[in-house]
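Following the hints, put chain B in place on chain A, whose structure we already have.
Chain order of the listed sequences is A and B.
When you number the first sequence by this note's numbering, it's gap-free, plus one each residue, and the end is 242.
When you number the second sequence by this note's numbering, it's gap-free, plus one each residue, and the end is 636.
Fair warning: there could be bad hints in the mix.
[Stated by the list, open to error] Derived lysine-lysine pairs resembling DSS-like cross-links, with alpha carbons at most 25 Å apart: (1) A:K57 x B:K625; (2) A:K63 x B:K622; (3) B:K569 x A:K63; (4) B:K631 x A:K228; (5) A:K57 x B:K631; (6) A:K67 x B:K625; (7) B:K631 x A:K90; (8) A:K50 x B:K625; (9) A:K67 x A:K57; (10) A:K228 x B:K569; (11) B:K631 x A:K63; (12) B:K471 x A:K63; (13) B:K569 x A:K67; (14) B:K631 x A:K227; (15) B:K622 x A:K57; (16) B:K631 x A:K50; (17) A:K67 x B:K471; (18) A:K228 x A:K90; (19) B:K625 x A:K63.
I should point out that these hints are in silico values taken from the structure, not numbers from a laboratory.
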Amino acid sequence: MKKTMILCTALVGGLLLLPSAARAQEEQPEGGGAAPAAPAKRQVSRAAVKRLFQIIKAEPTIKEVQKAATRHYELEPERIHRLARNARLKGLIPNVSASFSNELGNRFTNTKDGLFPILPSPPENPNPSFFKERVSESSDQLTWSVSASWDLDRLVFAAESLDAKSLTGLEENLVREVTTLFFSRRRILASLILSPPDDDEEFFYELMRLDEITATLDSFTGGMFGKKAWNWEKDLLGGAAK
Amino acid sequence: MLAASVTSGRLPELHHGGNWGCGARREPHQVSGTARLHAGTGVAEAPRSMILAAHAAKLRRGVVATGFLALAAAAPAPARAQGASPTITNMTATFRGGPFVTLSVYPGSPDRVAIGTADGHVTWSEDGGVSAVEAQVLVPRKFDPVTIRGGQRAIFSQRSADELDEKIGVLRQRLQFVGLPDERALLSFIYLLGLGLPAGRTQVWMQTSDAIAETGDIAWPKGDGPMLMATQAGLLVSDQSRFSWSRTLGGPGYIPREGDIIGLSAAIDPQNPSHMLAATDRGMQVSDNGGYTWAIHPDSDFEDSWITHIVWDPENPQLVFAVSSDTILLSQDGGVTFEPSFSASGEIKDLALSAEAAVVATSEGIQVATSEGINTLMPEKDVIGAIPWREGTLLAATSEALYLVSADGSFREILSTSSTDPYLRLAGGGETAWLLSAQTILRIGGPLTRGPGRLRGAAPRMLVSAIDLEKAVIDYTGLGGPNMTRLHQRWYDKVLPRVTATARGTLFSGNNDRRDDIVLPFQVWQTGATAYDRLYWEVFASWDLRELLLGDNNVSNPNLIIESQIRDKRAVVLEQIRWHYRECAGLVADLARPPDDPELELNWRMRLEEHASYLEWMSGRKVVKRTPIEKLEYTE
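Pulled out of the complex, with its shape left as it was, chain A reads as follows (with noise of 0.2 Å):
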């Protein structure tokens, strides 16, 4: 806590170069006198503007941001597009079916006949058994097939890339939160140096605040956020230090 203190009057007091005779000092209302006036309007000074810009300058831009978020989330239109279309380009694309089969046969046919005399059989005798007939046979059978067929239809209609328009709301939600949160932000920014609360409490909220959207955006970017975020740590640490 005592760093944070350290840390908000080095902004408060130092870095944004606002003069502190600027900050008129408000009393808090106590009991039940009269309502609470509004604060005092404060000066912007140029160097603050100067400041701020350069800042945001440094950041990443909210199309860079709403890119890095939709790509973190695989959400991106040309990706849905892709999807949509592929889904109709599919009635261009056929099926295809192949087939090959090889068929190998033998046959052997012995045919005996009563009529078929039986005669002395000679030592050589290359008949033995006395066959009226015998056949020996063999094959081979080889057989391919090709078979492609297409769904035409597809090409005028295809369910498939409604369901695939579909993820375009997720992408809207995506775009929508990361939009109003990176605004958030900015805003929170812009109060913090263009007029920074005189409380170091409050101004430590802000600040904490501020920290808060920025890890939620760095998560939802995938880490690019964080990385050119304005790192106040840094900042002020070393505004305090000289």
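Same frame as chain A, but now just chain B:
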């Protein structure tokens, strides 16, 4: 507010509609109306007296203040011509975007304004809307489109399949009668929904309902310090920074369930911020330790009443007004005891106090109570809010329009809104007031100092019309029109056949060895060899005549869910686009003559950047020509 006394001139005319439950006198021209009497007031026959006037004036000031209405009525003839229209500035850009649900202005300090959004955020400004801070109070659950498979099998284990089949048979006949598809999955889906049974296969996380993040009321402390919020999820108290909120009264889970306490309105004692009052659907709750613990208010009047507003007089903290739809209860001891003090024939919508008058907005006009009596104005209007304004006039709002009301009851419309963006609340008074609609926050008050602007940059300009933008978004996102659905009949696509081409080949080789032993020792032998190949091909087309003639009737559960999500999303996105475009256009117009305050101008430019960047992402094209913020130059 005017404080001058008027001793002459006619008193404001009194009309039907209001009945102050206790009081003193009856004006000679009063008309007995549809008065309702509260027990314990000690008044027998509803005189249209003015308890609230007594409370609002005598109790607060200790003197009899002369009503501003009387002053206005006493003015010469031009009084009817009404005062100049106030300057109305759209301050939406300063705050987090809507839809907004509630507005709270600290009584007597109209620069302190807090707004509650439908998505559980509170955003507040203490400098009249130049800058604002926001915090997320309630986190709504967000569901992404999911495909849930039909879960009939799960149901079969709970109910007999025969019974289901029987019911489906009945449904099928009915649907056939009205010409709807009778596909079994659809019938099961409808039947199970009707029974309240789960129609899809769900996980536990799907069975929890969505958190309702709506805010009912926001209570300001007098100075810095914790705020109090009454929400549908209960009562929440912030820490000192107001960024962190804790629920201190409500259901056990963060998702409200049936029977959990619902917060309706809240107020913080201006004298002692630890002392709080909060109205719930179970009656009034009191806390004496900054909202950490709550006890039921002992007053039995609160048992059955829904208090929609609690007004704690900042100048006299002993006075607390609790507003319900039919009664205003008044406490003169800092909220310890309450007594009914006003009822109206119409529904009471809001209460505003000033030094001279109490103004009650009702569904049957405005009841203005001064020390002179009670006056009913605009009885034909359903007023959502009315506040005392400058020079004896009133500002009154219905859900459709804002009116400037003269003391004599004449009024003129000074602003109107569309039915899609109704006015929700009017609060403030004196020199500055705030008007909230679902999407807009308007400040009514003095003119905003404008000039060439301190931040040097080109004046922004819209590059696309709203219609073109919508078309661009639909094209770019591929959301398509209403016909982009699988349920839309496209018979012609089924004319295109399913084409199948097949090629088949055969390669054959064979040997045949044949021996015939005819007469020993002679033999006849024969050897044969065969080889051939075949090539076969075919192309055939098939048409599914069922699909061609009767269409695709496969409305299965997943398809139903996907279809409903696609349609809902399309509507949501287009609503967003319209709103962002409207905000962009408004800011572009405002920034043509930027405010003199550079911080406000910067806020507006940032908000423009926010809206424009969203639109540009969704449409894939440049929507607003503008100077990037970091390239602006500040001139003293």
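(Q) Check the structure against each numbered hint from earlier and tell me which ones fail, lowest number first. (A) Numbers 7, 10 and 18, in rising order.
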